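**Student:** Residue numbers (the numbering used here), protein chains in the order written: chain D, 1 to 118; chain H, 1 to 107.
The set of hints was computed from the structure by calculation and includes no laboratory data. Fair warning: there could be bad hints in the mix.
27 Å max Cα-Cα, derived DSSO-like pairs, lysine-lysine [as the list claims (entries may be wrong)]:
1) H:Lys30 / H:Lys67
2) H:Lys103 / H:Lys67
3) H:Lys103 / D:Lys43
4) H:Lys43 / H:Lys103
5) D:Lys43 / H:Lys43
6) H:Lys67 / D:Lys43
Selected chain H positions facing chain D (in silico; Cβ < 7 Å) [what the hints assert, rightly or not]:
7) Leu47
8) Val52
9) Phe63
Here the structure is a predicted model, which means the values were calculated and not measured. Glycine included, every Cβ here is placed at the ideal spot set by N, Cα and C.
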Amino acid sequence: EVQLVESGGGLVQPGGSVRLSCATSGFTFTHFYMTWIRQAPGKGLEWVGHVRQDGGNQHYSDSVRGRFTISRDNAMNSLFLQMNSLMADDTAMYYCVRDSGFFRFEYWGHGIPVTVSS
Amino acid sequence: SALTQPASVSGSPGQSIAISCTGSTSDIGKYQYVSWYQQHPGKVPRLLLYEVSNRPSGISSRFSGSKSGNTASLTISGLQTEDEADYYCTAFGSSPIFGGGTKVTVL
């Protein structure tokens, strides 16, 4: 059974940083792009970015580029999202998602909330 | 920019409804990478269709997809009460983009 479990969220002050983790199991982690998608309260879905199978290439949305960094540890089957210079607009539920190919977001974690507020 | 979806669509049980998703020649009009997701309140989104019209294992055949020009569509046939949810389209352009979501109400 494919499982993705996020951790690390919580309340962060504006300008602060937080690192999200996603522990995965039930599939060959190194075969897939991994993605972060977020959803602000009461709003729609927003693609944050993704990382290639070998971790060597990442792409980001315009709204987070330069502030967020996606990485992975293939030995630990884990995905990470380092979030810096956080703003109120970054308040959202953050989902760890497996891309099963060509932006087919097939498996989702349960999500982890991040709230940016003073 | 985001893909355009109607804010809401409604129908009676047993009816068919369609949800449109309009993009541009740079995304929906150019690539076959259109996916649809269903999200019930407080739940995790679920993949319904990928590459315009393909259903993952376990998804009912009542859900079907199509594309014409810059617009993709999700059709739900034989509408059921459990279909009441939010629906999102996504497409690939320079990067993946989502539609704003459509709330489906079963009357």
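**Student:** What are the numbers of the hints that this structure violates, sorted from low to high?
**Tutor:** Violated hints: 8, 9; rest satisfied.
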